[in-house]
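Build out the structure end to end from the sequences listed, making use of the hints.
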Amino acid sequence: MLNVDLLINGLIIGLFYALMAVGLTLIFGILRVINFAHGEFYMVGAYTYTFAALKLGTGPWFALPLAFAAGALVGWLAERTLMRPLYTGYTSWGLMRDEYSVVVTFALSLLLINLVDKVVGPYSQRGPALVDIPRMALGPIMLSGQKLVATAVAAAMIAGLALFIRYSSWGRQIRAVAQNRLGASLAGIDTTRASSLVFTLSGALAALSGALLAPIINASPDVGAFPAIKSYVIVVLGGMGSMPGSVVASLMLGVLESFGAVYISYDYRDTFGLVILMLVLIFRPQGLFGEKGREV
Amino acid sequence: MTNDLSWLLKFIVAAVVASAALAANAADPIKIGISITQSPPGSVVQGTQVKDGVEIVKDMVNKSGGVLGRPIELVYEDNQGIPEKGRAATEKLITRDKVVAVTGGHQSSVCLAEIEVAKRYNIPYVNTNCWADAVRTKGYPQVFNAPIYSSRVAESIAETIVKLGLKRVVAFCENTDYGIGQAKAIAEALKQKAPGIDYKYETLDRAGKDFTPAILPLRANPPDMVLMVMLPPPAYIVMNQLYEQGVAPTARTWLYDSSGLADYPDFWQNVKEAGKYMLNFALYHPQMKLPKLAQEVGQAYRQRTKNEPNRLIFQAADSLLFIVDAIKQAKTTDPAALIKTMANMKFEGTRGQFRIAKEPGARYQQMVDIPSVTYQITEVNQATGKTLLIEGPGMPLATAKLLKPAK
Numbered sequence: 001m002l003n004v005d006l007l008i009n010g011l012i013i014g015l016f017y018a019l020m021a022v023g024l025t026l027i028f029g030i031l032r033v034i035n036f037a038h039g040e041f042y043m044v045g046a047y048t049y050t051f052a053a054l055k056l057g058t059g060p061w062f063a064l065p066l067a068f069a070a071g072a073l074v075g076w077l078a079e080r081t082l083m084r085p086l087y088t089g090y091t092s093w094g095l096m097r098d099e100y101s102v103v104v105t106f107a108l109s110l111l112l113i114n115l116v117d118k119v120v121g122p123y124s125q126r127g128p129a130l131v132d133i134p135r136m137a138l139g140p141i142m143l144s145g146q147k148l149v150a151t152a153v154a155a156a157m158i159a160g161l162a163l164f165i166r167y168s169s170w171g172r173q174i175r176a177v178a179q180n181r182l183g184a185s186l187a188g189i190d191t192t193r194a195s196s197l198v199f200t201l202s203g204a205l206a207a208l209s210g211a212l213l214a215p216i217i218n219a220s221p222d223v224g225a226f227p228a229i230k231s232y233v234i235v236v237l238g239g240m241g242s243m244p245g246s247v248v249a250s251l252m253l254g255v256l257e258s259f260g261a262v263y264i265s266y267d268y269r270d271t272f273g274l275v276i277l278m279l280v281l282i283f284r285p286q287g288l289f290g291e292k293g294r295e296v
Numbered sequence: 001m002t003n004d005l006s007w008l009l010k011f012i013v014a015a016v017v018a019s020a021a022l023a024a025n026a027a028d029p030i031k032i033g034i035s036i037t038q039s040p041p042g043s044v045v046q047g048t049q050v051k052d053g054v055e056i057v058k059d060m061v062n063k064s065g066g067v068l069g070r071p072i073e074l075v076y077e078d079n080q081g082i083p084e085k086g087r088a089a090t091e092k093l094i095t096r097d098k099v100v101a102v103t104g105g106h107q108s109s110v111c112l113a114e115i116e117v118a119k120r121y122n123i124p125y126v127n128t129n130c131w132a133d134a135v136r137t138k139g140y141p142q143v144f145n146a147p148i149y150s151s152r153v154a155e156s157i158a159e160t161i162v163k164l165g166l167k168r169v170v171a172f173c174e175n176t177d178y179g180i181g182q183a184k185a186i187a188e189a190l191k192q193k194a195p196g197i198d199y200k201y202e203t204l205d206r207a208g209k210d211f212t213p214a215i216l217p218l219r220a221n222p223p224d225m226v227l228m229v230m231l232p233p234p235a236y237i238v239m240n241q242l243y244e245q246g247v248a249p250t251a252r253t254w255l256y257d258s259s260g261l262a263d264y265p266d267f268w269q270n271v272k273e274a275g276k277y278m279l280n281f282a283l284y285h286p287q288m289k290l291p292k293l294a295q296e297v298g299q300a301y302r303q304r305t306k307n308e309p310n311r312l313i314f315q316a317a318d319s320l321l322f323i324v325d326a327i328k329q330a331k332t333t334d335p336a337a338l339i340k341t342m343a344n345m346k347f348e349g350t351r352g353q354f355r356i357a358k359e360p361g362a363r364y365q366q367m368v369d370i371p372s373v374t375y376q377i378t379e380v381n382q383a384t385g386k387t388l389l390i391e392g393p394g395m396p397l398a399t400a401k402l403l404k405p406a407k
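If you read the protein sequences in the order shown, they are chains A and B.
Mapped onto our numbering, the consecutive letters of the first sequence carry residue numbers 1 to 296.
Mapped onto our numbering, the consecutive letters of the second sequence carry residue numbers 1 to 407.
Heads up, a few of these hints could be off.
Listed next, the in silico DSS-like pairs over lysine-lysine satisfying Cα-Cα at most 30 Å (straight line) [said to hold, decoys possible]:
(1) B/138 with B/51
(2) B/306 with A/118
(3) A/55 with B/209
(4) A/118 with B/272
(5) B/98 with A/118
(6) B/85 with A/118
(7) B/328 with B/358
(8) A/55 with B/276
(9) B/51 with A/118
(10) B/58 with A/118
Covered stretches of chain A, going by a simulated chain B footprint (3 or more residues, C-beta under 8 Å) [said to hold, decoys possible]:
(11) 106 to 119
(12) 139 to 153
(13) 214 to 221
(14) 267 to 274
From the structure, some residues in chain B lie toward chain A, with a derived Cβ separation under 7 Å [unchecked claim]:
(15) 48
(16) 213
(17) 214
(18) 216
(19) 233
(20) 236
(21) 244
(22) 269
(23) 270
(24) 273
Hints are computed from structural coordinates only; laboratory data are not their basis.
Where a beta carbon is used, it is the ideal one built from N, C-alpha and C, also for glycine.
Structure below.
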């Protein structure tokens with residue numbers, strides 16, 4: 001029974017990791033940079049959801065799309081004002097100033113954490129549950145109504161995103177830019193718009209993740225650090241830029257942490273992912289689903 | 001005649017210059033350094049409360065004319081709850097800001113780093129909320145301790161566990177000097193008081209967000225008590241996940257908090273049903289008899305924040321009052337003289353009258369004896385004043401009063 005509990009819990013947590021990590025993967029796929037402020041997009045979502053539902057009285061179900069929109073706005077603004085100088089005027093990745101993105105996204109992360117700390121205050125805030133069932137038994141499994149609904153919404157969002165990327169016109173443009181920015185540009189695709197769209201989507205997904213988890217993992221200024229660190233591990237583990245890789249790696253990590261915490265030691269829970277990451281980097285450096293090369 | 005006039009003129013000029021200098025000196029504020037967490041990853045919640053407590057006392061002292069005719073100025077440094085930053089903050093306060101004493105420390109790991117600097121510069125360091133015994137056992141004469149200490153807390157908790165007649169206790173402690181130190185101290189106290197009790201502790205990452213894997217094994221084999229040795233915000237998440245998994249509090253398992261969680265203003269915002277029936281070890285309860293000074297500080301805190309005061313407010317207030325008292329008694333701001341005075345002081349603060357213990361070990365330069373209580377929360381959103389006081393100064397543990405969930 002314990003093993004079933006651990007498996008289900010690991011998959012649920014893995015799904016939440018996935019919702020965070022796919023946004024980061026998309027950004028890496030398109031821009032080839034790591035966004036160090038990704039965790040803070042999560043935090044923006046958690047706070048927007050909590051404040052909209054509790055202070056503005058919108059109710060949790062209306063607060064959810066508001067958080068999604070707030071994350072999209074922050075993502076769009078970050079791309080428009082901070083990231084665009086990175087590639088404006090360049091069509092070749094070789095000319096891009098990668099170190100700029102590290103500095104600027106790290107600074108954005110610190111700015112957002114401290115801004116929220118000063119404006120909202122240091123006290124953590126628990127968001128209201130979408131479904132007010134503090135705990136329930138589903139067969140042998142105990143979980144809250146919020147966890148169940150959040151899991152369903154997260155799964156639906158990931159599936160929706162996969163369909164969007166696979167079949168929509170914008171999704172095809174994103175994939176084309178991810179494969180070859182110069183080639184996509186020559187084919188008439190607006191690569192700048194694709195980059196902007198990806199940052200907006202990434203911000204929205206991270207914020208949605210924060211909103212869904214706000215009733216479980218209370219919002220606080222530094223709440224984004226934990227999911228962001230997991231996401232960085234997942235992105236490399238799954239293969240940088242690979243969406244299916246991110247989802248599989250997220251679920252694997254969730255399950256591995258869940259079992260490892262009980263059968264090895266809880267103290268080393270965060271180490272398991274790093275050990276797997278090191279092994280993958282040694283034996284399969286391109287990650288589980290990554291490509292060996294992208295140059296054309 | 002001309003010589004006499006010239007002498008008189010010189011004397012007047014000298015007197016004017018001297019008195020002007022004296023006046024300037026008299027008006028110069030006495031600087032006291034406050035090193036607290038004002039930004040993550042440390043406990044900003046605690047830092048904010050410590051700041052509130054010292055600000056209230058600063059205003060009270062300055063309104064009543066200051067100390068030695070000079071106002072107090074508090075110089076803040078943000079240590080972010082990181083030991084290295086605390087060390088740098090203390091160094092800056094002492095060398096650049098020229099403070100006469102440092103206080104505010106509220107996280108044991110940071111205190112342990114900061115006291116090394118205070119020792120090197122021979123500056124008094126008044127620990128506001130660091131419970132770890134190690135802060136005292138180092139035996140630094142510069143360090144004075146306003147809060148309770150881990151082994152004393154452990155003794156109280158062990159006594160409660162024994163009186164409740166429990167057989168198996170599992171503690172969740174955070175991976176900090178405070179958490180691990182406290183969990184080990186409880187193990188030691190239980191070994192002495194009731195070696196038959198099966199006690200084990202699980203260390204949880206303070207930065208963690210999902211603690212379910214640590215909780216799930218308890219579902220199959222529930223203990224008699226889950227003991228929390230954690231601070232917010234992770235403590236709230238653990239409580240909610242314990243409740244969600246039906247582990248504690250239940251008819252079978254007590255939930256016992258050893259770190260004053262219910263004192264924090266954001267407690268009920270972050271836990272709902274998970275807080276009902278929880279037992280609390282605490283250093284303050286509104287039903288305790290409080291000195292007039294505490295009532296004034298409490299009132300000022302209510303006006304300032306619209307929140308109820310808690311032990312951190314009083315500990316912070318006492319830390320600064322202790323320094324102010326030492327300056328008054330020593331009649332100087334010379335740090336070496338202050339250390340000497342503090343070591344022999346009898347001190348009246350918001351929590352009563354204290355003396356400074358001299359014996360080496362966990363009580364070294366500790367304000368003794370700090371009163372403690374045990375109370376139980378019996379309703380969701382219950383104000384601390386309305387909770388069920390079951391043990392306190394001069395009041396033995398009333399186990400018959402305790403409530404448990406029906407199932």
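Exercise. Looking back at the numbered hints, which does the structure fail to meet, lowest number first?
Worked result: Every hint satisfied by this model.
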